[in-house]
Amino acid sequence: MSSVLKKNSVIKEKIFISDKESGIKCYLIPKKDYVNKECAIVFFYGANDMNFYDNGKIYNSQSGTAHFIEHKLFANPEGDVFTLFSKNGASANAFTDFEKTVYYFNCSENFYDNVKILINMVKTPYFTNENVESEKSIIKQEITMYDDNADWRVYYEMLNIMYHNHSIKNKIAGTCDTVEKIDENMLNKCYNSFYTADNMAVICAGDFDENELFDLIKNEFKGFNSKKQVKSVYDDEPCDIVQKYSMVQMDIKETVFSVGFKLPKSFFESDLKTSFALKIGGDILFGESSEFYENLYNKGILKESLGIDFVSGKEFAFFVITGKCENPEDIAELIAEKFKQVQRNGLSSEVFERIKEKHKGRFIRGLNSVDAIVIAQINFAVKNTDISEVYDAISDIDINFVSGVLNKGFDSKNMVLSVVKPLE
Amino acid sequence: MNNIAQFFNTNKFKTALITIAIRTKPEYDEVSKNALLAKIFSVSCDKYRTKRDIMERLENMKGAVFDVSVIKKGDEHIILFYMETLCIEQSNLFEEFEFLREIIYKPFVNENKFDIYVFDREKNRLLNEIKSKRDNMNEYAIDRCVEEMYGHEGFGLDCTGYLRSTEKITSSELFDYYKYIIKNCPFEIIVSGNVNEEEIKNYLRGNFSDVIFRKSNFNKKNEKYRDKINEVTEVADIKQGKLCMGFKTGITFKDKEIIPLLIFSEILGGSADSRLFASVREKEGLCYYINSFVYKFKGVVMVQAGIDIESYDKTVETIETTIKDMINNITDDEIKSAKKSVIKYFIDKKDSIPLICDSILDNIIIDENYSIDDYVKMIDNCTKNEITKVGKKIKPDTVYFISGRE
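Chains A and B, in that order, give the protein sequences. If you number the first sequence the way our numbering does, the last residue is 424 and the count never jumps. If you number the second sequence the way our numbering does, the last residue is 406 and the count never jumps.
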């Protein structure tokens with residue numbers, strides 16, 4: 001298996017990337033002197049991939065299928081794979097989001113053995129009628145746990161009023177009803193369609209020999225599903241929002257809100273530079289050193305910093321600002337005005353430089369942790385890039401580029417406000 | 001530990017970290033003062049009077065991370081200053097120490113009172129934080145359980161403070177308290193990263209010279225036990241009930257028995273492979289999550305679970321029988337796996353600059369000098385006998401349950 005070694009001498013990190021002919025895409029980041037080693041396998045199949053082409057026809061799976069598969073892959077005829085990992089001193093976990101499912105573990109010993117366990121686990125699904133039925137009650141309890149969480153609720157209500165048809169409005173774990181309808185056949189169909197060699201990547205970070213590791217991964221994945229990965233289908237989604245406002249009540253003490261901007265096509269599947277530019281732009285406008293935040297903080301209207309995020313993927317992109325305050329309707333107006341103001345007057349170059357340096361610094365700080373490196377690289381892998389490109393990508397961003405991305409798509413007509421208030 | 005600072009020199013990381021711990025043993029009213037001070041420290045000082053000034057200064061230090069919080073280690077409440085900056089080449093961290101000096105020694109005061117705008121605003125923020133603790137039901141259940149177990153002293157006190165005592169604090173009272181702790185409480189300075197130790201020590205001798213070494217003893221209180229479990233239920237508008245069950249052992253982090261206790265808890269409920277997971281979740285289907293953990297300074301074992309409201313009695317019963325059944329039939333395999341996990345918990349600290357500093361602080365508090373490798377040895381050498389013996393010491397004390405409405 002041949003690989004490419006990329007280095008960045010500023011941040012003093014290396015990454016080994018396997019090339020196409022080896023079959024399995026690998027990103028290996030050596031971290032000398034670290035005790036912890038982490039390995040993640042990501043499949044580019046997530047909650048949004050509900051409907052897809054299967055032999056010329058469109059197959060519709062239930063909402064929550066990707067997440068169900070994530071749960072069930074840990075099952076094994078001999079018992080739970082968690083036990084195997086545990087015996088080998090590894091702590092394993094998994095998660096599903098809009099566009100991917102990730103299985104990972106970290107350990108300080110028996111790394112290669114644990115890599116084999118992980119690979120074999122994802123290669124050998126074991127879905128039976130019985131184990132599928134019993135998992136349903138566990139997943140329903142997980143769904144209930146999320147339903148009681150105000151941060152999840154405010155987020156999903158926001159997606160609901162932003163999107164007419166796109167599968168992103170469905171909860172990742174599904175609902176109790178949709179989960180009830182999932183069966184062994186559906187799980188097998190989706191697994192076989194999306195868990196393919198060309199639809200995944202392996203990412204490892206830690207103190208290991210990258211050549212040995214490459215060979216091991218390639219060997220273990222021999223014969224893995226070489227079917228060509230299917231194409232997901234998304235319902236037509238108009239560019240406008242569904243409605244501007246949603247309010248629900250829950251047993252909480254503080255009102256939480258999410259302001260979302262539904263962004264146009266040019267933001268779908270954004271590259272690294274655009275993603276970072278939006279993070280920098282958001283920080284300049286609404287971060288803890290911004291005039292916007294200072295005003296509201298001094299008046300006691302905002303008590304904690306705002307959460308600022310940009311999410312983009314296949315046929316969707318949105319920008320979200322979350323926070324807590326008594327009157328989110330006022331904040332939403334101020335946010336819309338702030339964008340207008342910046343679109344008119346531009347950004348201060350002194351502030352831009354300072355915030356840009358901050359983001360470079362924070363990125364470098366992230367390289368301290370094997371886990372943070374793996375999670376970051378997983379997200380870069382989705383965009384077909386890697387950590388060695390990031391520092392340069394951020395450095396390349398200039399003030400005009402940031403102004404440019406803030407100029408399109410941030411309008412009050414594509415802005416929604418989702419609010420979760422306390423009960424009376 | 002008679003040094004002006006503790007160092008952990010390493011060039012493994014991309015950052016350096018300074019932590020400064022002010023160690024207090026507060027009375028009930030003083031906890032809120034600690035919490036309010038921490039808030040004020042984190043947003044202003046005489047040189048950087050507004051939060052925005054502070055944030056700009058930090059951003060100009062390449063995105064340095066600065067925070068002030070209050071944490072508990074056993075009965076001690078610690079006001080912790082955290083300052084982490086980019087540090088790849090060797091540094092003396094003068095800029096960072098200067099910043100901390102401004103924050104700690106030169107607060108923004110007028111006429112022996114904290115600036116009234118800062119004071120009022122931060123007081124409101126703290127009141128808000130106390131009121132909304134309940135919004136995080138999982139953590140709230142745990143905190144309430146601890147409060148029920150220990151009452152309003154030491155470990156039982158909430159670092160976030162209390163509503164009524166916070167409301168009563170005046171800005172001149174708080175300034176008096178500030179002067180008191182600066183003069184009397186032990187300060188511990190811990191530095192980690194690629195740092196020039198000598199230069200830093202010289203700097204500290206010149207600029208933090210009034211930090212006299214004031215010994216604080218690790219007091220072991222005699223543990224109080226109940227004859228009958230204290231059950232407390234609270235009702236909320238939620239679908240899934242939150243349960244927290246607390247057990248006492250009388251063991252502290254200074255005792256060698258803490259090691260077998262950590263192993264016992266790991267087998268009991270440390271992972272998806274544990275006894276509680278198997279009995280409460282997999283076998284009885286009572287919960288989505290269940291786990292146990294140890295407050296190591298107090299030897300308290302906590303079990304938390306998310307359960308359906310109707311399952312309360314069965315869950316409490318199953319937890320108790322799981323522990324009882326476990327004591328006399330722990331398998332060698334279980335011990336082997338659990339040891340690996342607990343070792344991993346300690347070894348992982350080597351890869352984390354905040355956890356390295358935190359371990360050093362732990363050592364200072366218990367007045368020992370155990371390295372991470374020392375802990376690994378102790379875990380390796382632990383016998384089944386020791387684990388069983390410690391299991392017998394686990395006494396149920398309190399169950400705190402947040403139930404949904406019928």
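By construction, these hints were calculated from the structure, which means they are not laboratory data. We treat Cβ as the ideally placed atom computed from N, Cα and C, and that holds for glycine. Don't take each hint at face value.
[Said to hold, decoys possible] Here are the computed lysine to any residue pairs in the SDA-like style, where the Cα-Cα straight-line distance is at most 20 Å: (1) A:K140 x B:F8; (2) B:K133 x A:N149; (3) A:K222 x A:E212; (4) A:K32 x B:F8.
[Stated by the list, open to error] Pairwise CB distance ranges, derived in the manner of DEER restraints: (5) B:K384 x A:K123: 34 to 44 Å; (6) A:N345 x B:K201: 29 to 39 Å; (7) A:N131 x B:D374: 51 to 61 Å; (8) A:S395 x B:K256: 32 to 42 Å; (9) A:S395 x B:D46: 45 to 55 Å; (10) B:N381 x A:F268: 49 to 59 Å; (11) A:N407 x B:Y180: 46 to 56 Å; (12) B:K389 x A:S395: 18 to 28 Å; (13) A:D240 x B:E27: 55 to 65 Å; (14) A:K231 x B:T10: 20 to 30 Å; (15) A:N219 x B:D374: 53 to 63 Å; (16) A:L5 x B:K256: 40 to 50 Å; (17) A:S226 x B:D313: 31 to 41 Å.
Holds or violated: the 51 to 61 Å window for the beta-carbon distance between N131 of chain A and D374 of chain B? Given a distance of about 44 Å, which is not inside 51 to 61 Å, the answer is violated.
Cβ-Cβ distance between K384 of chain B and K123 of chain A: within 34 to 44 Å? holds (37 Å)
Okay, N345 of chain A versus K201 of chain B on CB: inside 29 to 39 Å? This hint is violated: roughly 50 Å between Cβ atoms.
If I claimed the Cβ atoms of L5 of chain A and K256 of chain B lie 40 to 50 Å apart, would that claim hold in this structure? With a Cβ separation near 48 Å, L5 of chain A and K256 of chain B satisfy 40 to 50 Å, so the hint holds.
Has the hinted range 53 to 63 Å been met by the Cβ atoms of N219 of chain A and D374 of chain B? Given a distance of about 39 Å, which is not inside 53 to 63 Å, the answer is violated.
Given pair status - F8 of chain B, K32 of chain A, alpha carbons within 20 Å: OK: K32 of chain A and F8 of chain B at ~18 Å, within 20 Å.
Does K140 of chain A pair with F8 of chain B here, judged by a C-alpha cut-off of 20 Å? violated (47 Å)
Range agreement (Cβ of S395 of chain A with Cβ of K389 of chain B, hint 18 to 28 Å): violated (59 Å)
Using the Cβ atoms, figure out if S395 of chain A sits within 45 to 55 Å of D46 of chain B. Since the Cβ atoms of S395 of chain A and D46 of chain B sit about 36 Å apart, the hinted range of 45 to 55 Å is violated.
Indicate whether the distance between the beta carbons of D240 of chain A and E27 of chain B respects the range 55 to 65 Å. holds (59 Å)
Is it true that S226 of chain A and D313 of chain B lie within 31 to 41 Å of each other by Cβ? Once the Cβ atoms are compared, 53 Å apart, the range 31 to 41 Å for D313 of chain B and S226 of chain A is violated.
Could you see if the CB distance from N381 of chain B to F268 of chain A stays within 49 to 59 Å? holds (58 Å)
In this structure, the hints that do not hold are numbers 1, 6, 7, 8, 9, 12, 14, 15, 17, in rising order.
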